[in-house]
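Residue numbers (our numbering), protein chains in the order written: chain A, 1 to 589; chain B, 1 to 271.
Calculated directly from the structure, the hints in this document are not laboratory data.
Positions of the beta carbon are idealized from the N, C-alpha and C atoms, including for glycine.
It cannot be assumed that every hint is accurate.
[Claimed, not checked] What the simulated footprint calls covered on chain A by chain B, stretch by stretch (three residues with Cβ under 8 Å from a Cβ of chain B suffice, anywhere in the stretch; the number is not a length):
1. 129-143
2. 203-216
[Stated by the list, open to error] Incomplete in silico selection of chain B near chain A, CB under 10 Å:
3. 108
4. 123
5. 125
6. 134
7. 138
8. 147
9. 178
10. 197
11. 218
12. 228
13. 237
14. 241
15. 263
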Amino acid sequence: MTQKLKPVDVAVVGVGFMGAIMAKELAAQGLKVVGLERGKQRWTVPEFQAPEIHDELKYSIRKGMMQDVTREAMTFRNSPTQEALPIRQWEAFLPGTDLGGSGVHWNGQTFRFTEADFVWRTRMRERYGKDFVDPSLTIQDWGVTYDELEPHFDKFEYLLGTGGKAGNLNGKIQPGGNPFESRRSREYPNPPLKEQYGGVLFRKAATDMGYHPFVQPASNMSRPYTNPEGLQLNACNYCGFCERYACEHFAKATPQTVILPVLLKNPNFELRTEAQVLRVNLDPDKKTATGVTYVDATGREFVQPADLVIITTFAFNNARMMLLSGIGKPYDPKTGEGVIGRNYAYQTTSDVFVFFDENININPFMAAGGSGTLIDDFNDDNFDHGPHGFIGGSYIMSALTNGRPIEFHPTPPGTPEWGKEWKTAIRHHYNHTAHILIHGSSMPTRTNSLDLDPTYKDAWGLPLLRMTFEFPHNDMKMSQFCVDRAVEIGKRMGAKTVAGYPRKAPFTTQKYQTTHNSGGVIMGSDPSTSAVNRYLQSWDAHNVFVVGTSAYPHEPGYNPTGTLGALAYWSVDAIKKQYLKHPAPMVSA
Amino acid sequence: MLFGNGHATAFSSQMTAISASDRGAVKEQRMRKDREEQGSRRGFLRSAFAACVTAGTVVIPIDRIQAAPHKKLPTDKATSFAFFRPDEVQFLSAAVDRFIPPDEEWPGAVDAGVVDYIDQQMAGKWGSAGDMYWHGPFKEGTPSQGYQLPFTPAELFRRAIAAVNQYFTAQGTWFHRLSAGQQDEYLEMLLANKTTLNGVPSKVFADFLLRHTIEGFFADPIYGGNKDMVGWRMLGFPGPYGEYYELIDQYGIKLDREPVSIGQSAHHHAK
Numbered sequence: 001m002t003q004k005l006k007p008v009d010v011a012v013v014g015v016g017f018m019g020a021i022m023a024k025e026l027a028a029q030g031l032k033v034v035g036l037e038r039g040k041q042r043w044t045v046p047e048f049q050a051p052e053i054h055d056e057l058k059y060s061i062r063k064g065m066m067q068d069v070t071r072e073a074m075t076f077r078n079s080p081t082q083e084a085l086p087i088r089q090w091e092a093f094l095p096g097t098d099l100g101g102s103g104v105h106w107n108g109q110t111f112r113f114t115e116a117d118f119v120w121r122t123r124m125r126e127r128y129g130k131d132f133v134d135p136s137l138t139i140q141d142w143g144v145t146y147d148e149l150e151p152h153f154d155k156f157e158y159l160l161g162t163g164g165k166a167g168n169l170n171g172k173i174q175p176g177g178n179p180f181e182s183r184r185s186r187e188y189p190n191p192p193l194k195e196q197y198g199g200v201l202f203r204k205a206a207t208d209m210g211y212h213p214f215v216q217p218a219s220n221m222s223r224p225y226t227n228p229e230g231l232q233l234n235a236c237n238y239c240g241f242c243e244r245y246a247c248e249h250f251a252k253a254t255p256q257t258v259i260l261p262v263l264l265k266n267p268n269f270e271l272r273t274e275a276q277v278l279r280v281n282l283d284p285d286k287k288t289a290t291g292v293t294y295v296d297a298t299g300r301e302f303v304q305p306a307d308l309v310i311i312t313t314f315a316f317n318n319a320r321m322m323l324l325s326g327i328g329k330p331y332d333p334k335t336g337e338g339v340i341g342r343n344y345a346y347q348t349t350s351d352v353f354v355f356f357d358e359n360i361n362i363n364p365f366m367a368a369g370g371s372g373t374l375i376d377d378f379n380d381d382n383f384d385h386g387p388h389g390f391i392g393g394s395y396i397m398s399a400l401t402n403g404r405p406i407e408f409h410p411t412p413p414g415t416p417e418w419g420k421e422w423k424t425a426i427r428h429h430y431n432h433t434a435h436i437l438i439h440g441s442s443m444p445t446r447t448n449s450l451d452l453d454p455t456y457k458d459a460w461g462l463p464l465l466r467m468t469f470e471f472p473h474n475d476m477k478m479s480q481f482c483v484d485r486a487v488e489i490g491k492r493m494g495a496k497t498v499a500g501y502p503r504k505a506p507f508t509t510q511k512y513q514t515t516h517n518s519g520g521v522i523m524g525s526d527p528s529t530s531a532v533n534r535y536l537q538s539w540d541a542h543n544v545f546v547v548g549t550s551a552y553p554h555e556p557g558y559n560p561t562g563t564l565g566a567l568a569y570w571s572v573d574a575i576k577k578q579y580l581k582h583p584a585p586m587v588s589a
Numbered sequence: 001m002l003f004g005n006g007h008a009t010a011f012s013s014q015m016t017a018i019s020a021s022d023r024g025a026v027k028e029q030r031m032r033k034d035r036e037e038q039g040s041r042r043g044f045l046r047s048a049f050a051a052c053v054t055a056g057t058v059v060i061p062i063d064r065i066q067a068a069p070h071k072k073l074p075t076d077k078a079t080s081f082a083f084f085r086p087d088e089v090q091f092l093s094a095a096v097d098r099f100i101p102p103d104e105e106w107p108g109a110v111d112a113g114v115v116d117y118i119d120q121q122m123a124g125k126w127g128s129a130g131d132m133y134w135h136g137p138f139k140e141g142t143p144s145q146g147y148q149l150p151f152t153p154a155e156l157f158r159r160a161i162a163a164v165n166q167y168f169t170a171q172g173t174w175f176h177r178l179s180a181g182q183q184d185e186y187l188e189m190l191l192a193n194k195t196t197l198n199g200v201p202s203k204v205f206a207d208f209l210l211r212h213t214i215e216g217f218f219a220d221p222i223y224g225g226n227k228d229m230v231g232w233r234m235l236g237f238p239g240p241y242g243e244y245y246e247l248i249d250q251y252g253i254k255l256d257r258e259p260v261s262i263g264q265s266a267h268h269h270a271k
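With the rest of the complex left out, here is chain B (with noise of 0.2 Å):
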C-alpha cells in the first residue's frame, strides 16, 4: 500500500496511471531502511536531501510520526522581551492564547512562541515600520485605504495595551485574571470596534494583533514561533523545502512527512 498506513487514496482505483505506486513503495522500503541506519531524524533527513542531490530524483523523506501526539513544548521562556514589558507580556500571552487556544493534541499560541514572536517583530525593523512608507501628512481614511495611524506596529501595541491594562486595573484586576469566556467576551468586543484605546481604534488592534498571532503560529521558526513546526504539523504542511515533480499526480495521496525548516534545510545545505 502507498505510503503505508492506511491512507487510501481516493482516485486509486480509478486511476490507471499509479503504477507510481510501485515506485512509491520500494522508496518508501529504502526510506526505512535508511532510517534505522542512520538512527536519527536528522540523520535521516541529511541522506534523503543527499540522495536528491545525486539521483538528480525526487526523494521525499518521508517520516511517520502520527498526528503528534501533544508533547509539552519547552516552556523555559525568557524572563525579559527584548520589547514588551512584564505586564504587556502578561496580556499579550492571555489574549494570543485565547486566539489560538491548546488543545488535546495541539499546543495553543503561547507553547508554539507566539509571543516570543511578536516580540521580535516588534523590537525590529517592521515594529519601527520600517516596511511602511512612513511620511505623513497622517489623516484619517477609510478601510480601504488601509492603515493611516501615525503610530508605528510597535507604538500600536505599546499605547493600546496600555489602555487594555488601565481599564483592567481600575476595577482591580487584569486580562489575564479574567475567565477564559470573560477574555473572549473582551476581544469581541474590540474586534466590534466598540472602544477606543488610547487614540487606537479597537478593532484595528484587535486585528493587528490576530495578524501577528496567525503569522507567529505559522512563519518558519527562525522568527521564533511556530515551535518546533508545530503549526506546520498541526495542519499537515510539510514544510517550505518540497520537490514534488513525482508526487503531484499520485492523486489524493497522504503526505505524512516530518516537515523540514528553513533552518533545518540550511543545515542541509551546508553539508
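Pulled out of the complex, with its shape left as it was, chain A reads as follows (with noise of 0.2 Å):
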C-alpha cells in the first residue's frame, strides 16, 4: 500500500555535496524542502573518529563506505558485443553511500576546467582543423562558458576552504601557481599544503626541465578556516587515511564540514535518511514530474508529490535514476540516438614509480588527502598537440596519498610476486619510492554509454545499470606520452630506476584508477545530443534538474568535483532568479 505524502515544493533525491548545495539555497528560498538520501545518517563525531576510521582493512579494501553493492550493484562490458556481468565488488570505482555522499571519502583535490573544456569540439576543430580529431570522438561543447562559471568556481572554493596558489589572476600569469590555469577573480581562500618530499624533488626536476610546477589545490585544509557559511575546519594534520576515509579532525571539506550543519538548521529542510528513491514520478503528458516514490528502511513505499524535483545521486546513479523513471529518450549506440546514457566517460590514470635508493625517506604515510606537486603543462590545450595525433591530456603529479601496507608496497619491475625475494623487496623499496600520477582526460565515444541491464537486478527489483566502456585509441596514445614525459621527470629526480604504466586496454573493473566516472545525463545546447540544458535542466520535463558529473560531455584531465560545484551554484542561481518566478524550460529546444 502506497502512502501519499504532503506535497513539498523540492524534492532533492541524494543529499552528497551536491545535493546539500541545492537544497541549501532553496531552503534559503523559503521552499519546503524534502532530501531523501538513500543511506544513513552519519556525522564527524560519532561515526568519523579515530581510531575504528583508520581501518585499512573494513574501508579501504571492503569499501566500508561505499554503495552497498550487495543491493544496488552494476553491470559490465567492455563492448556492446559482450554480455555485461555484475561488478561484484566495487574495485575500480568506489561511489559512496550515506549522508554526505562520495563527498565523505574523496580526496579533496579541487581543480577547475579550462576556459577550452567548455568549448571543446569547437577549440579542437579550430585550434587543429575539423580532421584532426579522430571520428569516432564524440566530444562536443557544453553549452555554458568558463566566464559564466567563474563566480561560481569562486563561490565553491571559498565553501570549501580549498588551498591553493592562484596562477592567473584576472588574466595576470603569478608565479608560483598553475599558468595555464584560466583566469580567476581572486585568490584562493588559503595557501596550498605543505608539500611532500617527493613533491620536492619532483618540483626541482621539473623546474630544471622547463616545466612550472605547482602545488596542487586541495580541500584538505592547509590552516584553520571559517567558510562564508560560518563552520569551522581545523588544520589537516597529514594522517594518511583521506581518499576511502572520513576525516576525524574537521580538517577535510566534506557536506559535513562545510553545510550540513547549516542546512539543517533551516526549518525549511527535513532530511530523511533511509529513503531509496524508485524513480520520479511524471504527469501523463510525460513534461513534467509530479515527484518521487520511495521505499523506506522498512519496506513501506511512499509517494513524494513535489513541484521541483533535483537529481544528485552520483555520475551513473543519475543516468539510472532517469532511465528508471522514463525521462529523456535512452541512448541507442547502434543509431548514435538518443541522449540518457549518452557519453559515458572516465579518467585515463596512468602511473609512474620512481625507486631511490635507501638513504632517501619518502615518508609516504605522511601525507593529506590532495598532497601533490603537479605540471599541467601536457594538460588540457595546454600545448600543441598538432605534432601528437591525440587530443587531451594529463596532469602529470608527484603524489602520494598514502602509505597505508595493504595497498601500498611497490616493486620494481622485474620482482617476483611472491616470496623470498619479494619480502626483501618490499622493505627495500617501501619507504624509498616516489609516485607520479598521470591523471588523463577521457574522450567520449559511439559505444562507451550506460543503460539499464536487461537481466540483473537490484534489492528492489530494478534493473541495474549497466556500463559500457573501452579505453578509446586517442586516451592510450595520449596517456602512452604524458607517461613517457613523466618518466624522463622521475629519471631527472635522481632515481634508480623509473617504471612506468601507460594505461592500456581493456579497462578492467579490477583495479582501482579513479572514481572520476562522467557523462550519461550531459550538458549541451541541442536537445537531440544532450539530456539537460546549460542549467542541467532537463529537456523533458522542465522541472527535473540533474547536478552531478553525470552532465559532463567528456572528462578533461582535471579532478571533476571543483567543475562541479561550480555547475551547481551556477544552476541554482538559474533557480533561484529565474525558473521559480517562471517555471518553464529555461532554454527553447
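Assembling the complex is the task here: the two chains are given apart, and the hints tell you how they should meet.
Below you can see the structure in the form of C-alpha cells.
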C-alpha cells in the first residue's frame, strides 16, 4: 500500500555534496525542501572518529563506505557485443553512500576545468582543423562558458576552504601558481598544503626541465578556516587516511564540515535518510515531474509529491534514475540516437613509480588526500597537439596519498610477486619510492555508454545499470605520451629505477583507477545530443534538474569536483533568479 | 642530530627551513625522559597521546626499536579453527609461508598469524560473500568483469584446497610435506592457471590466496594477523594513527617509531 505524503516544493534525491548545496540554497529561498538519502546519517562525531576509522581492511579493502553493492551493483562489459556481468565488489571506482555521499571519502583535490574544456569541440576544430580529431570521438561543446561559471567556481572554493596559489589572477600570470589555468577573480581562500618530499624532488626536476610545477589545489585545510557559512575547520595533520575514509579532524571539506549543519538548521528543510528513491514520477503528458516514489528502511512505499525534483545521486546513478523514470530518450549506441546514457566517460589514469636508494626516506604515510606537486604543461589544450595525433592530456603529479601497507608496497619491475625476493623488495622500497600520477582526460565515443541491464536486478527488483566502456585509442596514445614525459622527470629526480605504466585496454573493473565517472546525462545546447540544457534542466521534464558529473560531455584531465560545485551553484542560481519566477524550460529547444 | 641515530636527512644540508630540528631535539629529550619515567612502552604511549591532546601540538611518540630483532612470536596456536579443518590448515600454513617466508630478520606469514586471519575472514561475512552482489545468473566472464564464480569465498577455499589435498594424497603425500622448491613450483603452476581445482580455475584460487595472505600480513592486528604488528615494523609503517603536521616537511627524516595499532589507540582514547 503506497502512502501519499503532503506535497513539498522541492524533492532532492541524494544528499551528498551537490544535494546539500542545491537544498541549502532553495530552502533559504523559503521553499519547503525534502532531502531523500538512501543511506544513513553519519557525522564527524561519533561515526568518523579514530581509532576505528583508520581501518585499512574495513574501508580500503572491503569498501566500508561505498554504495552497498549487495543491494545496488551495476553490470559491466568492454564492448556492446559482450554480455555484461555484475561487478560483484567495487574496485575500479568507488561510489559512496550514506549522508554526504562520495563527498565524505574523497581526497579533496579541487581543480577548475579550463576555458577550452567548455567549448571543446569548437576549440579542437579551430586549433587543429576539422579532420584532426578521431571521428569515433563524440566530443561536443558544453553550452556554458568558463566566464559564466567563474563566480560559481569562486563560491565553491570558498565554501570548501580550498588551499592553493593562483596562477592567473584576472589575466595576470602569478609566480608559484599554475600558469595554464583560466583566469580567476581572486586568490584561493587558503594557502597551499605543505609539500611532500617526493613533491619537492619533483618540483626541482620539473623546474630544471623548464616545466611549471605548482602545489595541487586541495580542500584539506592548510590552516584553520571558517567558511562563508560560518562553519569552522581545522588544519589537516597529514595522517594518510583521507581517500576512502572520513576525516576525524574536521580538516577535510565534506558536506558534514562545510554545509550540512547549516542546511539542517533551516526549518524549511527536512532530511529523510534510508529513503531509497525508486523513480521520479511524471505527469501523464510526461512534460513535468509530479514527485518521487521511495521505499523506507522497513520496505514501506511512499509517494512524495514535489513541484521541483533535483537528482543528485552520483554520476552514473543519475543516468539510472532518468532511465528508471522514463525521462529523456535512452541512448542507442547502434544508431547514435537518444540522450540518456550518452557520452559515458572516465579518467585515463596512469602511473610512474620512482625508486630511490635507501638513503632517501619518502615517508609515504605523511600525506593529505590532496598532497601533490604537479605540472599542467601536458594537460588539456595547454600544449600543441598537432605533432602528436591525439587530443586531451594529463596533469603529471608527484603524489602519495598514503602509505597504507595492504594497498602500498611498491616493487621495481622484474620483482616476483611473492616469496623471499618479494619480501625483501617491499622492505627495501616501501619508504624509498615516489609515485607520479598521470591523471588524464577521457574522450567520449559512440559505444561507451550506459543503459539498463536486461538481466540483473537490485534489491528492489529494478534493473541494474549496465556500463559499456573501453579506452579509446586516442586516450591510450595520450597516456603513453604523458607517461614518457613523467618517466623523464622521474629520472631527473635522481632515481635508481623509474617504471612507467601507460594505460592500456582492456579497461578492468578489478583495479582501482579513479572514481571520476562522468557523462550519461550530459549538458549541451541541442536536445538531440544532450539530456539537460546549460542550467542542468531536463529538456524533457522542465521541473527536473540533474546535477552531477553526469553532465560532463567529456572528462578533462582534472579532478571533477571543483567544476561540479561550480555547475551546482550556476544551476541553482538560475533556478532562483529565473525558474522560480517562471517555471518553464529556461532554454527553448 | 635529528632523531638521534645517524639517519641523516637527505636534504638537511640544503634545506634552510630545517630549524624544526631543534624542536625535534627538544621533543626527543622530553620523550626520553617521559619514557624513563613511565618505565613501560604502554605508559609511554599513553603519555605521548595525552600530550597530544593537552598541548594541542603534534607530539609523535618516538621509540627507537632498531629493526626489530627477529624474535620468535607466540605460536601456541589454537588447535581448532572457526572455519578450516586440520588438513586445510596444513595446506594453508605451508602455502602462505611460501608466499611470505620467514627469514633471519622477520617472521613469515604463519608466525604473523595469517592463517588465523584467513580463518576469521572465511568464518565471517566476507567468507559467505556478505559483502558482494550475490545474485545470479552466475556466468563465466572475462578477467575485466571480475569474480563470477558461484562459490562464496569460503566455498572457494574449501573446494580448491580439497582438490589440492586429493591430488597429493593420491600420490601418497601432502603439499606440506614437499620441499620448499617443490611447493614453489606447484604454486607457480596454480598461478599460471594450468589446472582446475574442483571447478575453480587454479589462478583464481591462487590469486585469492595470495591476496588474503598479504591482507593478513598487513591488516590491523584486530583481525588476527599482523601479530605484534610485524608487517608494519618490517616496512616501517608507523601504524594507522599518526599526526604529521610538523614532520611532513622535515624532508627525508627517518621516523623510527613504535607503531600504534587500532587496539592500542583505542586504549588511549578510552583513558
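Evaluation of the provided hints:
1. 129-143: With 0 residues closer than 8 Å to chain B, the region 129-143 of chain A misses the three-residue bar; violated.
2. 203-216: violated (count 0)
3. 108: With a closest approach of 8 Å, the residue 108 of chain B hint holds.
4. 123: 15 Å, violated
5. 125: 9 Å, holds
6. 134: Where the cut-off is 10 Å and the nearest Cβ of chain A is about 7 Å from residue 134 of chain B, the hint holds.
7. 138: Holds, because the Cβ-Cβ distance from residue 138 of chain B to chain A comes to roughly 9 Å (cut-off 10 Å).
8. 147: 6 Å, holds
9. 178: 15 Å, violated
10. 197: Because about 18 Å separates residue 197 of chain B from the closest Cβ in chain A, which is outside the 10 Å limit, the hint is violated.
11. 218: 4 Å, holds
12. 228: 15 Å, violated
13. 237: 5 Å, holds
14. 241: 6 Å, holds
15. 263: Constraint on residue 263 of chain B satisfied, holds at 8 Å.
Checked against the numbered hints listed earlier, the structure breaks hints 1, 2, 4, 9, 10, 12; every other hint is satisfied.
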